[in-house]
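Please put together the full structure from these sequences, using the hints given.
The sequence shown begins at 1 in this note's numbering and counts up one residue at a time.
It is possible that part of the hints are untrue.
Each computed PhoX-like pair below joins lysine-lysine, with the alpha-carbon atoms no more than 25 Å apart [what the hints assert, rightly or not]: (1) Lys49 <-> Lys12; (2) Lys25 <-> Lys118; (3) Lys106 <-> Lys129; (4) Lys62 <-> Lys25; (5) Lys112 <-> Lys62; (6) Lys62 <-> Lys49; (7) Lys49 <-> Lys129; (8) Lys106 <-> Lys25; (9) Lys129 <-> Lys118; (10) Lys6 <-> Lys25; (11) Lys4 <-> Lys62; (12) Lys4 <-> Lys49; (13) Lys25 <-> Lys112; (14) Lys144 <-> Lys129; (15) Lys132 <-> Lys106; (16) Lys6 <-> Lys49; (17) Lys62 <-> Lys6; (18) Lys132 <-> Lys112; (19) Lys106 <-> Lys12; (20) Lys106 <-> Lys6; (21) Lys5 <-> Lys49; (22) Lys118 <-> Lys136; (23) Lys5 <-> Lys132.
The calculated label-pair distances, taken between Cβ atoms and stated as ranges, are [to be verified]: (24) Asn124 <-> Ser40: 19 to 29 Å; (25) Asp30 <-> Ile139: 38 to 48 Å; (26) Ala147 <-> Asp2: 39 to 49 Å; (27) Ala68 <-> Ser121: 24 to 34 Å; (28) Pro133 <-> Asp30: 14 to 24 Å; (29) Lys12 <-> Pro133: 41 to 51 Å; (30) Asp137 <-> Arg23: 25 to 35 Å; (31) Asp117 <-> Lys5: 32 to 42 Å; (32) Lys4 <-> Arg141: 43 to 53 Å; (33) Pro133 <-> Lys62: 14 to 24 Å.
Just so you know, these hints were derived from the structure itself, not from any lab.
Note that this is a predicted model, so its numbers are computed, not measured.
Every residue gets a Cβ at the ideal spot worked out from N, C-alpha and C, and that includes glycine.
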Amino acid sequence: MDAKKKQQLFEKNRRIIEMVIERAKRDFPDDIALIGLTGSFRTGDFHEKSDLDLIIVNNTQKGWEISACFILDDVGYDIYCTPWETRINDQANLDSPMVSGLVDLKILYVAKPEYIDKFNSYRNRALEKLAKPIGKDCIERARKLIAT
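Quick look at the structure:
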């Protein structure tokens with residue numbers, strides 16, 4: 001992909017991210033805790049049809065209202081939310097194969113300082129578990145994930 005096309009993709013995603021953050025600030029100041037970037041645009045391993053993977057952590061049921069799906073320039077976008085208690089907690093406990101979404105998440109917006117502290121406690125829990133040697137618990141978690 002040439003440099004001009006890359007720049008266009010970054011600019012398009014920057015605008016989408018700005019719109020999502022502005023809507024979170026305006027319409028969901030107490031309902032959305034943070035917004036982060038994961039996936040191919042986080043790692044730099046993207047192509048012309050890559051979507052934008054945003055993780056929106058919500059505090060309340062109302063936070064789900066920011067969710068949206070749309071197609072722009074032949075690319076499907078999913079703006080989706082997750083509460084702390086499910087996906088984030090599962091990743092922190094290594095009960096999800098998507099733990100990299102937690103440990104590698106690039107934080108783009110935080111509504112209040114205590115939310116970054118809360119997020120970092122989940123991230124640190126995952127990193128501590130990942131740093132331990134592979135043992136019986138790790139093998140058991142892997143078996144469960146393979147079986148599902």
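Hint check:
1. For the hint linking Lys49 to Lys12, the alpha-carbon distance of about 12 Å falls within 25 Å, and the restraint holds.
2. For the given pair, Lys25 sits about 19 Å from Lys118 by alpha-carbon distance, which is consistent with the 25 Å threshold.
3. Between Lys106 and Lys129 the CA atoms are separated by roughly 20 Å; this keeps the pair inside 25 Å, and the hint holds.
4. Taking the CA atoms of Lys62 and Lys25, the gap is near 13 Å; set against the 25 Å cutoff, the hint holds.
5. For the hint pairing Lys112 with Lys62, the CA-to-CA distance comes to about 17 Å; that is within 25 Å, so the pair holds.
6. Between Lys62 and Lys49 the alpha-carbon distance is near 31 Å, which puts this suggested pair outside the 25 Å criterion.
7. With a CA separation close to 35 Å, the supplied pair Lys49 and Lys129 exceeds the 25 Å bound.
8. Between the alpha carbons of Lys106 and Lys25 the distance comes to roughly 18 Å, so the proposed pair stays at or under 25 Å and holds.
9. Annotation: proposed proximity of Lys129 to Lys118 holds, straight-line Cα distance about 17 Å (limit 25 Å).
10. With a C-alpha separation of about 28 Å, the suggested pairing of Lys6 with Lys25 is violated against the 25 Å cut-off.
11. A threshold of 25 Å between alpha carbons decides the hint, and for Lys4 with Lys62 the separation of about 39 Å lies outside it, so the pair is violated.
12. At roughly 15 Å between alpha-carbon atoms, Lys4 and Lys49 fall within 25 Å of each other, so this suggested pair holds.
13. About 11 Å separates the Cα atoms of Lys25 and Lys112, which keeps this hinted pair within 25 Å; it holds.
14. For the suggested pair Lys144 and Lys129, the alpha carbons sit about 17 Å apart, so the restraint of at most 25 Å is met.
15. A distance of roughly 24 Å separates the Cα atoms of Lys132 and Lys106; the hinted pair therefore holds under the 25 Å criterion.
16. Of the pairs offered as hints, the one joining Lys6 and Lys49 holds, with about 11 Å between alpha carbons and a cut-off of 25 Å not exceeded.
17. Distance hint between Lys62 and Lys6 is unfulfilled; the C-alpha atoms sit about 35 Å from each other, more than 25 Å.
18. With a CA separation close to 32 Å, the supplied pair Lys132 and Lys112 exceeds the 25 Å bound.
19. Simply put, Lys106 and Lys12 have alpha-carbon atoms about 18 Å apart, close enough for the 25 Å limit, and the pair holds.
20. The hinted pair formed by Lys106 and Lys6 meets the criterion: a straight-line CA distance of about 19 Å does not exceed 25 Å.
21. Distance restraint check for Lys5 and Lys49: the Cα-Cα separation of roughly 11 Å lies within the 25 Å cut-off, and the hinted pair is therefore satisfied.
22. Proposed proximity of Lys118 and Lys136 is contradicted: the alpha carbons are some 29 Å apart, above 25 Å.
23. The hinted pair formed by Lys5 and Lys132 fails the criterion: a straight-line CA distance of about 42 Å is larger than 25 Å.
24. Taken as a hint, the range 19 to 29 Å holds for the pair Asn124 and Ser40, whose Cβ atoms sit roughly 25 Å apart.
25. For Asp30 and Ile139, the Cβ-Cβ distance of about 42 Å falls inside the hinted range of 38 to 48 Å, so the restraint holds.
26. In this structure the hint that Ala147 and Asp2 lie 39 to 49 Å apart at CB holds, the actual value being about 45 Å.
27. Evaluation of the 24 to 34 Å hint for Ala68 and Ser121 yields a pass: the beta carbon distance comes to about 29 Å.
28. Roughly 42 Å separates the CB atoms of Pro133 and Asp30, a value that falls outside the hinted 14 to 24 Å.
29. With their beta carbons about 44 Å apart, Lys12 and Pro133 fall inside the hinted range of 41 to 51 Å.
30. A hinted range of 25 to 35 Å for the beta carbons of Asp137 and Arg23 is inconsistent with their spacing of about 41 Å.
31. Range check, Asp117 to Lys5: about 39 Å between beta-carbon atoms, so the 32 to 42 Å window is met.
32. At about 45 Å, the CB distance of Lys4 to Arg141 agrees with the hint of 43 to 53 Å.
33. Under the hint 14 to 24 Å, the C-beta atoms of Pro133 and Lys62, about 43 Å apart, miss the expected range.
Of the hints listed earlier, those the structure fails to meet are numbers 6, 7, 10, 11, 17, 18, 22, 23, 28, 30 and 33, in rising order.
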